[in-house]
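2 protein chains.
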Amino acid sequence: MLIKTLVNELRGLIASKDGDALRRFFVIGNPGLNAEVLSHLDVAEIVEILRYIDPLYGAELFAHLPAEQQRIVVDSLSRRRLILLVAAMPHDDRVDLLKRMPDEEREAILPGLAQAERDDILKLSSYAEGTAGSIMTSEYVALSAHMTVAEAIAKLRAEAPDAETIYYAYVVDENRRLRGLVSLKDLILAPSHKKVEAIMNADVIFARADEDQEEAVRKIAKYDLLALPVINGNEALVGIITHDDAMDVAHEEATEDFHKSGTVGKIEGSLKTAGAWLLYRKRVFWLVVLVFGNIFSGAGIAYFEDTIASYVALVFFLPLLIDSGGNAGSQAATLMVRALATGEVVMRDWVKMLGREVLVATGLGLTMAVAVSGLGLFRGGPEIALVVASTMVVVVVVGSLIGMSLPFALTKLKFDPATASAPLITSIADAAGVIIYFTIATAILPGLA
Amino acid sequence: MLIKTLVNELRGLIASKDGDALRRFFVIGNPGLNAEVLSHLDVAEIVEILRYIDPLYGAELFAHLPAEQQRIVVDSLSRRRLILLVAAMPHDDRVDLLKRMPDEEREAILPGLAQAERDDILKLSSYAEGTAGSIMTSEYVALSAHMTVAEAIAKLRAEAPDAETIYYAYVVDENRRLRGLVSLKDLILAPSHKKVEAIMNADVIFARADEDQEEAVRKIAKYDLLALPVINGNEALVGIITHDDAMDVAHEEATEDFHKSGTVGKIEGSLKTAGAWLLYRKRVFWLVVLVFGNIFSGAGIAYFEDTIASYVALVFFLPLLIDSGGNAGSQAATLMVRALATGEVVMRDWVKMLGREVLVATGLGLTMAVAVSGLGLFRGGPEIALVVASTMVVVVVVGSLIGMSLPFALTKLKFDPATASAPLITSIADAAGVIIYFTIATAILPGLA
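Heads up: the protein sequence lines correspond to chains A and B, in order. Take the first sequence: its letters are residues 1 to 449, numbered as in the UniProt record's numbering. Take the second sequence: its letters are residues 1 to 449, numbered as in the UniProt record's numbering.
In isolation and in its complexed conformation, chain A is listed as follows (with noise of 0.2 Å):
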């Protein structure tokens, strides 16, 4: 509703071509609520009120844009505006977009900006995908421990327009050195004539360039930071992480993990508009490795003919307990998976882990054991009953192990643990499953031993 009555007010004053009303239109303001309605509008429209609005805030503007609109409204800039455009923008987002563009298009806006903006890009850049580096920018306000506080603020005053946040600022030594942190709350509390030093904390929280950047988002929301310093090799202050990008990091994260934990792969952009093509391809990959992965159960069934010949029941049974086995390892692998992810186990918990598993897999074996035992009866008669019963008991065990044990080993091995998701589970357990349940029907019924 609000959306379409500013979308609605806003075609009026690109109609009527009022420049004022447009620049106090967009003066203030959530920059993400702008940018939504900018979103509604056309290209042409949106190209319009760039022309007219502060470059500044345009280019923030333009940065909340969804990646396929800014690439459409880059397409139709003329190359001196999009430099402009490019110069004034925040410079994490602006790193991204030209990661996404094609390589001469890049090539040809570079040599537009100044040597330091250059400089910045390449910085940004240069950090690995998945590290705190690789999302952190550069547009920070640094202060030096002598500063008084009236200087600070008077710092922070002047450079505001250019700075991600103005709440935090952090305290520098003439290396760049990362000394300490002051808020801006503790700026104005203080009196004016006092050091910085004096009121700065020096045991600021910080993130390594090339650490994971799952772990440096992971510290903003312990701790509750608007901000996460970031600093290199040389312990410099390099950038900072706001706790907005940290926001949509873990979201993206949780995606990610959420589908794989159904053996999707990862999907960018929206799932609304995704093709079929990309869909087809994000899922086939897994699919196909389970049919494989599913011939080791077939392969059991085979090896076990002449048992299932002479009990054609035991077939009856026989989604039953390998299903339970994977179920019950899904859910194991389900909480370890998320545990690992969020940090809240980590791999020399695993021994201690196990023994709880034991534990809890074998209340679950027996109490579903005794609620098939009625059917086992019914169906097969007592011996029939026993024998599923006891596979019951022990592939739900099984299963819980695996479950369990997976994540852990696929962290060793350097795998993501979300790759152990409940289909892989289940045909692992299938597996297992198919093998218990006929050697123990093998044991257990006459005339098979």
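Note that these hints are calculated values from the structure, not bench results. Be aware that one or more of the hints could be misleading.
One copy or two, it doesn't matter: identical chains are merged, so the pair holds either way.
[To be verified] In silico BS3-like pairs for lysine-lysine, Cα to Cα no more than 25 Å straight-line: (1) K219 to K272; (2) K194 to K155; (3) K4 to K222; (4) K352 to K414; (5) K222 to K99; (6) K219 to K414; (7) K266 to K352; (8) K222 to K272; (9) K266 to K99; (10) K123 to K99.
Every value quoted in this text rests on a predicted model; they were computed, and no experiment measured them.
Fit chain B to the given chain A structure using the hints.
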């Protein structure tokens, strides 16, 4: 490493009973980090520290401790000291603490608090779990539109120690209706004689107290906010949700959905320290439900007993085919569950998505049919191969359509779409797969029709 050093330093200060040094230790620095240091101490040491340091800061530190540790500290404080602590705590954390207390304990504390504090607790605890109201705090700064910038900054400065954030202040009218938002950045950049009215943003993004907490958290993430104001039915400002609490809620919701995807119930507190009995209870429900769900597959098999007895080789492909339907269905469900949870996809998108899903699933089914037909030929001859390949296409399409539709159906029926877990989809797809498989087999193989 840092934590260890700080713990040792702190232990030294406690031993020397140096109150000044203890106060200095805590006077600045991140409360989350300091609370982490604190959490490594014994209860007696924590109580000792709380005696020395500023009560307001002590209460904030206490609020950052894990719930179990808060519990132990509460038990070892006198009633008088507990009341002082509760009075000084951040308002949202204090409500959470009181909600966790046994009734008699809470009733022993409440009368010791001032009327205003009791009213605040009553107000904050009146919102149902899961609503925006239940995660808000009442510690925000409210301004009047007629104040000057200088007056507004003075008010922020005065209320800073009691406010959760002073970086956003909300402009309200005489009836406390939300009129606008000013950031501290806007204030320090504006001339000090200007009216708040002239610099405030009037299009404030807000939440209603009874709206879903996930919806509120989504707004904070989408619009990169530091805090989101919450209004009641009379449009009056009643609280704010801060970015750090929003991040915690997003994290918890993601964990809960992830656990649901593996049919594990909601686990409060840490997985690492969770007891075996708790884990048993969180896992047993769905496992037993799925046992009974699997009876349908078994019944399907029993119905086709003659077909199986004639062609035992069909059993060889059973786990493979029914798993494939379940796997494709799990993928489709996973994508929809996450997209519905993040709000990227809404109910009315179902029909549009259905067409694409048929296309994608047919492609996947054909690919998997090719992968498996060689095996069918080798194991059972051309007729079995034909049965297996055709079944594969049909089960993958049917499984995918069930998987993608179930989350929508659950949403429509007011259930959480995340209930459409991989194990549940597998059970449903299994029953469908058994019927499809043997129906096709009966139709194609000689001597069965």
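Status of each hint after checking the structure:
With identical chains, the CA atoms of K219 and K272 are at most 25 Å apart between copies only, with a shortest distance of 19 Å across copies and 32 Å within one. When the C-alpha separation of K194 and K155 is checked against a cutoff of 25 Å, the pair qualifies both within a copy, at 15 Å, and between copies, at 22 Å. Proximity of K4 to K222 under the C-alpha cut-off of 25 Å is restricted to the inter-copy arrangement: shortest distance 18 Å between copies versus 38 Å within a copy. Taking the closest pair of Cα atoms, K352 and K414 come within 25 Å of each other only inside a single copy of the chain (21 Å); across copies the shortest separation is 39 Å, beyond that limit.
Within a single copy, K222 and K99 get their C-alpha atoms only as close as 31 Å, which misses the 25 Å cut-off; across copies the closest is 23 Å, which meets it. Only within a single protomer do K219 and K414 lie at most 25 Å apart by alpha-carbon distance; the minimum there is 22 Å, versus 36 Å between protomers. When the C-alpha separation of K266 and K352 is checked against a cutoff of 25 Å, the pair qualifies only between copies, where the shortest distance is 22 Å, while the shortest distance within a copy is 32 Å. Taking identical chains as interchangeable, the C-alpha atoms of K222 and K272 lie at most 25 Å apart only when they sit on different chains, with a minimum of 17 Å there against 32 Å within one chain.
When the C-alpha separation of K266 and K99 is checked against a cutoff of 25 Å, the pair qualifies only within one copy, where the shortest distance is 18 Å, while the shortest distance between copies is 40 Å. In the homo-oligomer, the alpha carbons of K123 and K99 lie at most 25 Å apart inside one protomer (13 Å), although the nearest pairing across protomers, at 50 Å, exceeds that limit.
Taken one by one, the earlier hints all hold for this structure without exception.
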